[in-house]
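Chain residues, written in single-letter form:
2 protein chains.
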Amino acid sequence: MQVDVALLVQKYGGSSVATSERIRAVAERIHDSIQHGDRVAVVVSAMGDTTDELITAARRLSSRPRLREMDFLLSTGELVSAALLSMALHELGDDAVALSGPQAGIRTNGHYGRARITEIAPTRIRGELRGGCVPVMAGFQGLGPDGDIVTLARGTSDTSAVALGVALGVDRCEIYTDVEGVFTADPRIVPSARKLDVVIYDEMLEMAKLGARVMHPRAVEIAEHFGLPVVVRSSFSDAPGTQIVAESAVPIETMQRVRAIAHDLDVARVTVRGVSDRPGLAHALFQPLADRQINIDVILQNASDGGVTDVSFTVAETDLDTTLELIRPVAAEVGARDVAAATDLGKISIVGVGIQSTPGIAARMFGALSSAGINIQSITTSEIRLTCLVAAPDVARAAQRLHDEFDLESPS
Amino acid sequence: MQVDVALLVQKYGGSSVATSERIRAVAERIHDSIQHGDRVAVVVSAMGDTTDELITAARRLSSRPRLREMDFLLSTGELVSAALLSMALHELGDDAVALSGPQAGIRTNGHYGRARITEIAPTRIRGELRGGCVPVMAGFQGLGPDGDIVTLARGTSDTSAVALGVALGVDRCEIYTDVEGVFTADPRIVPSARKLDVVIYDEMLEMAKLGARVMHPRAVEIAEHFGLPVVVRSSFSDAPGTQIVAESAVPIETMQRVRAIAHDLDVARVTVRGVSDRPGLAHALFQPLADRQINIDVILQNASDGGVTDVSFTVAETDLDTTLELIRPVAAEVGARDVAAATDLGKISIVGVGIQSTPGIAARMFGALSSAGINIQSITTSEIRLTCLVAAPDVARAAQRLHDEFDLESPS
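Chains A and B, in that order, are what the protein sequence lines are.
This note's numbering puts the first residue of the first sequence at 1, with every later residue one more than the last.
This note's numbering puts the first residue of the second sequence at 1, with every later residue one more than the last.
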């Protein structure tokens with residue numbers, strides 16, 4: 001554990017503040033940091049299932065609530081937890097002040113429900129910290145250009161925390177959650193998964209994107225860009241958690257190895273069938289999706305048969321309805337035969353800095369899956385990962401098999 | 001019912017928006033007004049018991065939560081109902097926009113928990129109305145000078161509504177609640193109580209102050225000052241409710257009569273005993289209470305006995321703890337023997353414009369109470385009311401007796 005005095009951002013997720021008792025425990029943790037001499041700015045999520053409950057309340061009144069009012073509604077969840085956590089800190093004798101995203105100086109592009117932070121003006125927070133007060137900021141929200149409160153993409157109190165950490169120039173950002181850190185695989189499907197003491201930003205980014213939801217990918221990107229040290233820890237234990245650091249901060253021998261297995265079942269495949277292959281086709285199909293900020297992942301195009309082809313791509317299953325709504329008129333316009341969707345797929349990935357350029361790793365992955373009788377539907381790669389699209393029911397078995405193959409149970 | 005097209009403020013209390021179904025019913029009522037051609041700005045309270053639930057959540061974490069964080073917390077209740085009601089209006093095809101108090105231009109003196117509105121800058125609301133949109137404003141809140149959200153005194157979404165009505169120059173302000181209007185007495189203790197079609201501002205003000213909680217006294221004061229017509233109606237029925245109007249708007253024969261019986265059980269008496277009677281004593285005792293905006297009602301001072309006297313006064317029972325906290329050090333300072341408190345009292349009042357100057361009315365009141373064996377502990381009067389302090393258990397019987405005595409069951 002570090003013994004030097006630091007300036008910190010601590011972010012507490014929904015499960016960490018789900019009840020009065022947990023809020024009190026979080027306050028005690030912050031109190032301990034302050035007693036230790038640290039100065040702490042806090043970012044907090046909505047309590048437990050609050051956000052889901054608010055969504056349910058909205059759906060009872062409207063099948064498709066407007067995004068502006070949805071943001072107005074959902075932003076209250078974090079306000080409540082910020083107020084309650086401040087009160088719990090007061091009770092311990094600490095000075096604390098609850099701040100909404102707008103009050104904390106979080107400015108965004110105003111894109112309702114998926115806003116991006118454009119600027120942080122941390123004057124208020126700096127002032128509070130200077131005065132010995134703990135600013136407790138509502139995460140997941142900021143001010144739009146119209147003066148409206150807007151929410152960042154769901155689950156992105158992480159992003160608020162990291163961006164605030166950068167703006168304040170903190171020594172590190174601590175992300176408190178209900179797991180002990182980043183694991184070599186999801187322990188729910190690979191029981192022998194091991195907690196990693198250190199991961200590299202790029203690895204964390206790939207794992208976050210691939211469903212290891214301990215930290216939001218956008219938050220990882222920002223931390224990496226500004227070289228902000230991040231620690232992911234459990235708010236339920238004193239275990240030291242996982243440090244997320246730059247590549248240069250780790251010994252060379254931890255690189256060019258498979259470090260973790262990631263999986264993702266939130267995958268849907270959309271196939272536009274019987275479309276004339278011509279220049280600009282992909283642009284015509286995908287621009288409307290890009291405009292709505294829907295991330296397209298694997299794109300597959302069959303060999304053109306007499307100028308007619310099928311184009312497949314994957315999106316998050318949660319984006320499927322919107323995707324189909326957007327793609328169907330475009331498909332009709334470009335003369336496609338029809339559009340089909342499938343949700344029985346999953347992604348399984350191996351992650352590690354430099355593995356793409358390391359001979360033999362890809363072959364071992366394919367061999368292991370093949371020997372387990374798992375059919376690979378497509379493969380995508382990046383510098384630090386290899387991802388196979390497989391049938392959803394094969395995902396857990398594939399994860400276990402690859403965890404064994406690359407011996408991730410043993411400390412590296 | 002009026003058939004002319006109007007500019008309205010409609011205010012819906014907590015019971016009117018307690019569930020999804022009720023929110024939908026309120027949306028339909030607003031929708032009907034719009035279909036009729038009216039332009040409507042809406043002020044909404046928190047759903048049902050939300051405010052109490054938030055207070056309970058706060059108390060679980062802190063025995064005495066700071067007022068700033070309490071306001072931050074409580075203000076979320078009205079934000080939620082404003083968002084949900086807007087969504088319900090969208091579902092009916094109406095344009096609507098949820099606004100926080102600060103967004104709606106409500107500026108206050110920043111006195112946490114008891115803020116007063118200092119200014120309304122209704123630019124945004126005017127703009128929305130002009131654009132054919134229904135602004136749905138969160139009541140009970142505004143912006144303080146420090147940029148903090150502050151709440152007005154509890155129950156004062158009425159005040160937001162009336163102040164907004166004045167700022168917009170509306171034709172009338174409709175206060176929707178769970179009763180059909182203003183009654184000649186509280187129907188729970190006087191079953192024969194009758195709904196009044198019209199009451200005069202001053203009468204309403206006295207009744208509001210004396211516990212007839214259909215409308216907050218501060219709201220009545222503002223309406224009266226600006227001559228804003230107000231209607232109190234039920235959101236659960238189509239009954240026309242009670243109009244609250246200026247004295248000049250009613251026929252002379254409705255005046256100089258007892259119009260209603262009001263009662264109040266939220267009464268505590270504080271007695272400062274054995275204090276030297278000297279100039280400035282009352283100022284020394286009461287200034288600290290005035291500074292905390294605690295309303296002192298009946299003040300009694302016994303005849304001075306050798307320069308030593310007892311000073312008694314009544315406050316709302318809800319203010320008793322704070323009052324004792326403030327008065328005890330002052331009492332010690334001025335050399336008083338001790339401070340005693342009693343909460344077994346109630347107030348019973350007859351209300352009617354001009355009754356104080358009408359011969360015989362006071363005598364009838366005292367006679368009726370006396371013949372019912374009810375002991376009067378003290379009497380206070382204003383232009384339009386006579387109030388007796390009696391034992392709490394006698395209050396209901398006194399109300400019934402006076403209702404009969406002045407024949408309030410029969411239409412005036």
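It should be emphasised that the hints constitute simulated quantities derived from the structure, not laboratory data.
We put the CB at the ideal spot given by N, CA and C, even for glycine.
Fair warning: there could be bad hints in the mix.
[What the hints assert, rightly or not] Simulated restraints, written as ranges between beta carbons of each label pair: (1) A:Glu325 / B:Asp178: 23 to 29 Å; (2) B:His283 / A:Arg60: 55 to 61 Å; (3) B:His283 / A:Thr19: 45 to 51 Å; (4) B:Asn109 / A:Leu324: 49 to 55 Å; (5) A:Leu324 / B:Thr56: 43 to 49 Å; (6) A:Glu119 / B:Glu21: 41 to 47 Å; (7) B:Glu21 / A:Thr118: 38 to 44 Å; (8) B:Glu28 / A:His283: 42 to 48 Å; (9) B:Pro187 / A:Arg188: 58 to 64 Å; (10) B:Pro187 / A:Arg60: 51 to 57 Å; (11) B:Ala121 / A:Arg273: 54 to 60 Å; (12) B:Thr56 / A:Ser370: 56 to 62 Å; (13) B:Glu119 / A:Glu119: 25 to 31 Å; (14) A:Thr322 / B:Arg126: 33 to 39 Å.
Evaluation of the provided hints:
1. A:Glu325 / B:Asp178: 23 to 29 Å: 42 Å, violated
2. B:His283 / A:Arg60: 55 to 61 Å: At 56 Å between Cβs, range holds.
3. B:His283 / A:Thr19: 45 to 51 Å: Since histidine 283 of chain B and threonine 19 of chain A have Cβ atoms about 49 Å apart, the given range 45 to 51 Å holds.
4. B:Asn109 / A:Leu324: 49 to 55 Å: The hint (49 to 55 Å, Cβ to Cβ) holds, given that asparagine 109 of chain B and leucine 324 of chain A are roughly 54 Å apart.
5. A:Leu324 / B:Thr56: 43 to 49 Å: This hint holds: roughly 45 Å between Cβ atoms.
6. A:Glu119 / B:Glu21: 41 to 47 Å: 43 Å, holds
7. B:Glu21 / A:Thr118: 38 to 44 Å: 41 Å, holds
8. B:Glu28 / A:His283: 42 to 48 Å: 46 Å, holds
9. B:Pro187 / A:Arg188: 58 to 64 Å: Holds: the Cβ-Cβ distance is about 59 Å, inside 58 to 64 Å.
10. B:Pro187 / A:Arg60: 51 to 57 Å: 33 Å, violated
11. B:Ala121 / A:Arg273: 54 to 60 Å: 57 Å, holds
12. B:Thr56 / A:Ser370: 56 to 62 Å: 59 Å, holds
13. B:Glu119 / A:Glu119: 25 to 31 Å: 29 Å, holds
14. A:Thr322 / B:Arg126: 33 to 39 Å: Holds, at about 35 Å.
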